[in-house]
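Let's have the full structure, built from the sequences with the hints guiding it.
4 protein chains.
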Amino acid sequence: MNVGFIGLGHMGAGMAANLLRAGHEVHEVTVYNHTPSRARPLVELGARAAARVRDACRGDAVITMLADDAAVEEVVFGDDGVIGVLREGAIHVSMSTISVALSERLAAMHVKAGQRFVAAPVFGRPDAAAAAKLFIVAAGAPDGVDACGPLFEAMGQRTFRVGEEPKAANLVKLSGNFLIASVIEALGEALALVGKAGVDRRQYLEFLTSTLFTAPVYKTYGGQIVEQKFEPAGFAAPLGAKDIRLALAAAETLRVAMPLASLLRDRFLTLLARGGDALDWSAIGQLAAQDAGLGDGS
Amino acid sequence: MNVGFIGLGHMGAGMAANLLRAGHEVHEVTVYNHTPSRARPLVELGARAAARVRDACRGDAVITMLADDAAVEEVVFGDDGVIGVLREGAIHVSMSTISVALSERLAAMHVKAGQRFVAAPVFGRPDAAAAAKLFIVAAGAPDGVDACGPLFEAMGQRTFRVGEEPKAANLVKLSGNFLIASVIEALGEALALVGKAGVDRRQYLEFLTSTLFTAPVYKTYGGQIVEQKFEPAGFAAPLGAKDIRLALAAAETLRVAMPLASLLRDRFLTLLARGGDALDWSAIGQLAAQDAGLGDGS
Amino acid sequence: MNVGFIGLGHMGAGMAANLLRAGHEVHEVTVYNHTPSRARPLVELGARAAARVRDACRGDAVITMLADDAAVEEVVFGDDGVIGVLREGAIHVSMSTISVALSERLAAMHVKAGQRFVAAPVFGRPDAAAAAKLFIVAAGAPDGVDACGPLFEAMGQRTFRVGEEPKAANLVKLSGNFLIASVIEALGEALALVGKAGVDRRQYLEFLTSTLFTAPVYKTYGGQIVEQKFEPAGFAAPLGAKDIRLALAAAETLRVAMPLASLLRDRFLTLLARGGDALDWSAIGQLAAQDAGLGDGS
Amino acid sequence: MNVGFIGLGHMGAGMAANLLRAGHEVHEVTVYNHTPSRARPLVELGARAAARVRDACRGDAVITMLADDAAVEEVVFGDDGVIGVLREGAIHVSMSTISVALSERLAAMHVKAGQRFVAAPVFGRPDAAAAAKLFIVAAGAPDGVDACGPLFEAMGQRTFRVGEEPKAANLVKLSGNFLIASVIEALGEALALVGKAGVDRRQYLEFLTSTLFTAPVYKTYGGQIVEQKFEPAGFAAPLGAKDIRLALAAAETLRVAMPLASLLRDRFLTLLARGGDALDWSAIGQLAAQDAGLGDGS
Numbered sequence: 001m002n003v004g005f006i007g008l009g010h011m012g013a014g015m016a017a018n019l020l021r022a023g024h025e026v027h028e029v030t031v032y033n034h035t036p037s038r039a040r041p042l043v044e045l046g047a048r049a050a051a052r053v054r055d056a057c058r059g060d061a062v063i064t065m066l067a068d069d070a071a072v073e074e075v076v077f078g079d080d081g082v083i084g085v086l087r088e089g090a091i092h093v094s095m096s097t098i099s100v101a102l103s104e105r106l107a108a109m110h111v112k113a114g115q116r117f118v119a120a121p122v123f124g125r126p127d128a129a130a131a132a133k134l135f136i137v138a139a140g141a142p143d144g145v146d147a148c149g150p151l152f153e154a155m156g157q158r159t160f161r162v163g164e165e166p167k168a169a170n171l172v173k174l175s176g177n178f179l180i181a182s183v184i185e186a187l188g189e190a191l192a193l194v195g196k197a198g199v200d201r202r203q204y205l206e207f208l209t210s211t212l213f214t215a216p217v218y219k220t221y222g223g224q225i226v227e228q229k230f231e232p233a234g235f236a237a238p239l240g241a242k243d244i245r246l247a248l249a250a251a252e253t254l255r256v257a258m259p260l261a262s263l264l265r266d267r268f269l270t271l272l273a274r275g276g277d278a279l280d281w282s283a284i285g286q287l288a289a290q291d292a293g294l295g296d297g298s
Numbered sequence: 001m002n003v004g005f006i007g008l009g010h011m012g013a014g015m016a017a018n019l020l021r022a023g024h025e026v027h028e029v030t031v032y033n034h035t036p037s038r039a040r041p042l043v044e045l046g047a048r049a050a051a052r053v054r055d056a057c058r059g060d061a062v063i064t065m066l067a068d069d070a071a072v073e074e075v076v077f078g079d080d081g082v083i084g085v086l087r088e089g090a091i092h093v094s095m096s097t098i099s100v101a102l103s104e105r106l107a108a109m110h111v112k113a114g115q116r117f118v119a120a121p122v123f124g125r126p127d128a129a130a131a132a133k134l135f136i137v138a139a140g141a142p143d144g145v146d147a148c149g150p151l152f153e154a155m156g157q158r159t160f161r162v163g164e165e166p167k168a169a170n171l172v173k174l175s176g177n178f179l180i181a182s183v184i185e186a187l188g189e190a191l192a193l194v195g196k197a198g199v200d201r202r203q204y205l206e207f208l209t210s211t212l213f214t215a216p217v218y219k220t221y222g223g224q225i226v227e228q229k230f231e232p233a234g235f236a237a238p239l240g241a242k243d244i245r246l247a248l249a250a251a252e253t254l255r256v257a258m259p260l261a262s263l264l265r266d267r268f269l270t271l272l273a274r275g276g277d278a279l280d281w282s283a284i285g286q287l288a289a290q291d292a293g294l295g296d297g298s
Numbered sequence: 001m002n003v004g005f006i007g008l009g010h011m012g013a014g015m016a017a018n019l020l021r022a023g024h025e026v027h028e029v030t031v032y033n034h035t036p037s038r039a040r041p042l043v044e045l046g047a048r049a050a051a052r053v054r055d056a057c058r059g060d061a062v063i064t065m066l067a068d069d070a071a072v073e074e075v076v077f078g079d080d081g082v083i084g085v086l087r088e089g090a091i092h093v094s095m096s097t098i099s100v101a102l103s104e105r106l107a108a109m110h111v112k113a114g115q116r117f118v119a120a121p122v123f124g125r126p127d128a129a130a131a132a133k134l135f136i137v138a139a140g141a142p143d144g145v146d147a148c149g150p151l152f153e154a155m156g157q158r159t160f161r162v163g164e165e166p167k168a169a170n171l172v173k174l175s176g177n178f179l180i181a182s183v184i185e186a187l188g189e190a191l192a193l194v195g196k197a198g199v200d201r202r203q204y205l206e207f208l209t210s211t212l213f214t215a216p217v218y219k220t221y222g223g224q225i226v227e228q229k230f231e232p233a234g235f236a237a238p239l240g241a242k243d244i245r246l247a248l249a250a251a252e253t254l255r256v257a258m259p260l261a262s263l264l265r266d267r268f269l270t271l272l273a274r275g276g277d278a279l280d281w282s283a284i285g286q287l288a289a290q291d292a293g294l295g296d297g298s
Numbered sequence: 001m002n003v004g005f006i007g008l009g010h011m012g013a014g015m016a017a018n019l020l021r022a023g024h025e026v027h028e029v030t031v032y033n034h035t036p037s038r039a040r041p042l043v044e045l046g047a048r049a050a051a052r053v054r055d056a057c058r059g060d061a062v063i064t065m066l067a068d069d070a071a072v073e074e075v076v077f078g079d080d081g082v083i084g085v086l087r088e089g090a091i092h093v094s095m096s097t098i099s100v101a102l103s104e105r106l107a108a109m110h111v112k113a114g115q116r117f118v119a120a121p122v123f124g125r126p127d128a129a130a131a132a133k134l135f136i137v138a139a140g141a142p143d144g145v146d147a148c149g150p151l152f153e154a155m156g157q158r159t160f161r162v163g164e165e166p167k168a169a170n171l172v173k174l175s176g177n178f179l180i181a182s183v184i185e186a187l188g189e190a191l192a193l194v195g196k197a198g199v200d201r202r203q204y205l206e207f208l209t210s211t212l213f214t215a216p217v218y219k220t221y222g223g224q225i226v227e228q229k230f231e232p233a234g235f236a237a238p239l240g241a242k243d244i245r246l247a248l249a250a251a252e253t254l255r256v257a258m259p260l261a262s263l264l265r266d267r268f269l270t271l272l273a274r275g276g277d278a279l280d281w282s283a284i285g286q287l288a289a290q291d292a293g294l295g296d297g298s
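Protein chains in written order, with the numbering used here: chain C, 1 to 298; chain W, 1 to 298; chain F, 1 to 298; chain G, 1 to 298.
No lab work stands behind these hints: they were computed from the structure. All figures in this text were calculated on a predicted structure; none of them were measured in a lab. Be a bit skeptical, because a hint or two may be false.
Remember, identical chains collapse to one label, so a pair may be satisfied in a single copy or spanning two.
Lysine to any residue pairs mimicking SDA-like chemistry, simulated, CA-CA at most 20 Å apart [as the list claims (entries may be wrong)]: (1) K219 <-> T209; (2) K229 <-> R125; (3) K229 <-> E74; (4) K229 <-> T35; (5) K133 <-> T211; (6) K229 <-> D277.
Put into structure tokens, the structure is as follows:
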């Protein structure tokens, strides 16, 4: 299988490297990035560097792993974009976190162009991407998803199929980020409450995460809130804000009121309005403390 | 150590039974319940039955495990109540989920009466109480908490100390229930969203709980929402409503705004207004689906 | 009619003065205040000063106009309190903004003591109290409310009857303050929005209040938000917070979810946590601007 | 002045008729509607009927009064759309309630095409449009707004200028609808509260609207909630939902958290999910009663 990989950011670089390590199932990996220098480490691992998007679209499949809808639109619909150059029957595997609406549009256009489209967004932070420990949520026509099996195995620890409509995978991804952000908000409020009462916040978190809330997200984000350490951002606040916005947009189309998601949206707006662009998205977890007059959020 | 145990409900019965099994450290357990018949199974295990509250207060410590503030107030402040009859230096161990304000008042009155007071609310449902698998959060003067060590070991799997002010333990307990209810709400909204989009809700939950959200609360409550099985209630909606109310009351005293807790409060009111008194508190997790027009919450 | 008046604060002083001006229907007014010096100006207008609460309870009716539940409880239930000394058939007219629960309790106790009880809270700020321009909401047994007619005419511009249960009047009063606080919040958000976009806030408010939102509350509170003038407080933030709390408490008893009231509660907590005790309650209207990063709320 | 008028719906028909009555300042009115039959009554009043959009764009100004962004985009950007055919220096007066983003885009494109652009959305329901009683909020280059003076005088009772950036007028319009929807929500909650307590809802509303809340919006929408009369819709729920969405979109761009607007958004989604498409937007005012278990919202 020959595959192109477009988007070598914090996540994509690790994912592409794992494809290169995949051995006999993946023969050739051609990588493209807007800033070409990010391709170099991968070339050293055996990748071919594509000078243009179109050069990454000549194989059996092309993966896109980009920051947002706009970036995907530019690469897919632009002059010499993916839709225009991918050969008939080849697969576009969209692993970015994008809107349900864009996923729907991509699916329709690829069908029209005689190509296949699989949505396969991922859960996991850059370290999980590098360690091939991602969870992949895949949706699309069964033959397309089947064909991507070797790719998913190379990049993730487990793949979940959620139906034949690609957009379902994107919705699941967005809902997952909503659930994580909910954990951050809940911890932020609880820590503000007990902290203002004088309970030791570290001990409190240790108690929570060793008893009822053993899921890693509680430890990871609770720790960041307790330590007030939001830089460098593993997942930046504007991206978190974007994902909540996309979840709400999907919910609006489906006519599903999500008051907790609305609260999260307002939290992100407040965080960004106060200058939080460079912070990790978990920084919304200090707003409850700030509103409680705890100053720096401690 | 001779100990009294007041309150033999779903939780208390199991806890008292474990005290009886504790062996040489706990010599004698005297049990009292408003409805005396609930004492019988424990008498068969070796307990002495107290005919009045005062008869359960003659030992080194008396444990109260009751439904709410009112029940505790009746037992403690009533004629022949705990405060009136406990001997000097003996310990009242309050394991009920009560308000921070009542805990503060109890602490002050026991000090005045020359008695000791330890707040030690627990996390765990009735099966955990029966299996001695409770998590116990204890606070109070160190000597008092130390003295309760054998009792806690008999009833729980782990004890966490959160300071010398008893009320801190009650606040931690309430904050924990807030965190659990937050999980229920978040799951309810996410399941409404993906469910209305046609994603299989069981598979979705299986995905969540085997990847990012491995904590048991996600599995337990997510399962109840997916199956729409809210009866019989493991923890009834009015009790959940009460705990959120007490968390908000504590937050108000401390001047901490908790918008997610406010949302939960409104959810519980809606659930109860629609006739949910007999349901498990996780039934707030079906309100998002109902608001989305999914009828029975599916 | 001989009447006592207990509570000579910003509101009560003006109201009592108007009773003194009422002429032949009100023969004698005996005033009492915790801080006796506040009675002097009224004595100059013809009032008799009572040294103790009991001395203000010897007439046909006694009016209480106090800050909160606690103040009313102290005056009514205390040693030599209203309940103990009011003669049979005499009327206690409670004009304070108190909880629905306390009103219910007062009604029951006065019935038991053979006295009559009328709840008659008022709408209007101190200047309206001084000008006899209050709106009075009265509830109670018809004969009792009828008997109070001359008093209400002396103090208000219009009286509305809302039933025979006194507590209904208190609920209406609380709901009215909820509606006013809702106006403040809505204006605060709208002003933050257009202000951050560069629209002139004064002109914007002038537009609103001369077209769609002609009710005085929009002009009064909108003006305070635009000018950021929250001192001196006409109605202090802690009192506003209290009234929202009491509205929510009544709603909880009735099982009515009020998400907008919950939002207001959180706003007041944030305002108070940030040091707003001395500000007018309209200062919650600057929080949206602060959350939008507009610093001082402009 | 020769003027075109595009969009003869409930609002536009009355507005165009008033232009025809304006006398010597407005010489000629050419009307266009997607469904041509709606032009007939206006032709009888003296209008010329345009067969195509372009035929309505030959004068000094063309007014658009359409349902939403999509309708405006179709008329303005489509083949033979306004941008393409309006002569240099002529004015496009956009009176529709559209997004701030579209207004900004229109302004830029008209400048580029050498045309002038004035945003002038209106407040008032169809009866006010018919009676020339609209409030008009205008923004744009001063010469353009000045030139529209006779048109605004013919259609409205008062015009407010809010700056030189057209989009400011659109933001003010959206914020105004947010304020009205806030009134509906507040009334809905207050009526649910007092109604469930047994207070007569009609009397209560009469009290409110004759004292503190004299603005007509309270009477209009309060009456609809009390009578549960939401059909026929004066302003349909989907349009209300759209305007709150546009207000939130503008707020998001500006980074302004508006929690009350978020609540309104959720209310509209719930209303629409439950089948409220044909109802007046004031029907969100019955949701609090429904959540309180009052069944049909009474």
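- request: Identify every previously stated hint that the structure contradicts and give their numbers, smallest first.
  value: 3, 4
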